[in-house]
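Student: Sequence:
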Amino acid sequence: MIPDRLIRSLLFALVAMLVFTAPGCGKKGPVRPLESPKPPSPAAFVAEQMGESVALFWQIGDKSDGGAQTQGFRIERMTNYSDSDCLDCDDQWRTLAQIDLDYSRVLFRKNNRLAGFDTTVIPGTAYR
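First residue of the sequence shown? That's 1 in my numbering, and the numbers climb one at a time after it.
Because the hints were derived from the structure by calculation, they are not lab data. Among these hints, one or two may not hold up.
[What the hints assert, rightly or not] Restraint ranges, calculated between C-beta atoms of paired labels, are given here:
1. Ser36 x Ser9: 50 to 58 Å
2. Asp100 x Thr79: 20 to 28 Å
3. Ala126 x Gly72: 15 to 23 Å
4. Tyr103 x Thr79: 27 to 35 Å
5. Arg128 x Asp102: 56 to 64 Å
Backbone N, C-alpha and C fix where the C-beta goes; we use that ideal spot for every residue, glycine too.
Based on the provided sequences and hints, a complete structural model is requested.
Tutor: Structure below.
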């Protein structure tokens, strides 16, 4: 016959093993939370000179690729565009306008097409 002490020890070991291994089962996931999806980039961005102003036209990007809802835009410009050595350097660009789609009064909108104007034009300016 098996002594009671051995049975209790085996039961204790079995319960301890279940308690310490149970939290480890299940689907493994990333250690850090997933990043939020980024909104799509604007499509068909065009700048046209109109007299003393520049008209900026673009479309809200399609979010069907899993991107987030577009809430607004930041229009940036760089003066002395032709003299710049680094067009991708962020320190070359200055914010012209910060636009919230829900509250903007400086923007013309028709469905997903948007238009805005830069009335402080300087020759050799680039926009993004």
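Student: All hints are to be evaluated individually against the structure, with a verdict given for each.
Tutor: Evaluation of the provided hints:
{"no.": "1", "hint": "Ser36 x Ser9: 50 to 58 Å", "result": "holds, 52 Å"}
{"no.": "2", "hint": "Asp100 x Thr79: 20 to 28 Å", "result": "holds, 25 Å"}
{"no.": "3", "hint": "Ala126 x Gly72: 15 to 23 Å", "result": "holds, 21 Å"}
{"no.": "4", "hint": "Tyr103 x Thr79: 27 to 35 Å", "result": "holds, 28 Å"}
{"no.": "5", "hint": "Arg128 x Asp102: 56 to 64 Å", "result": "violated, 23 Å"}
Figure legend: structure checked against the earlier numbered hints; the only hint not met is number 5.
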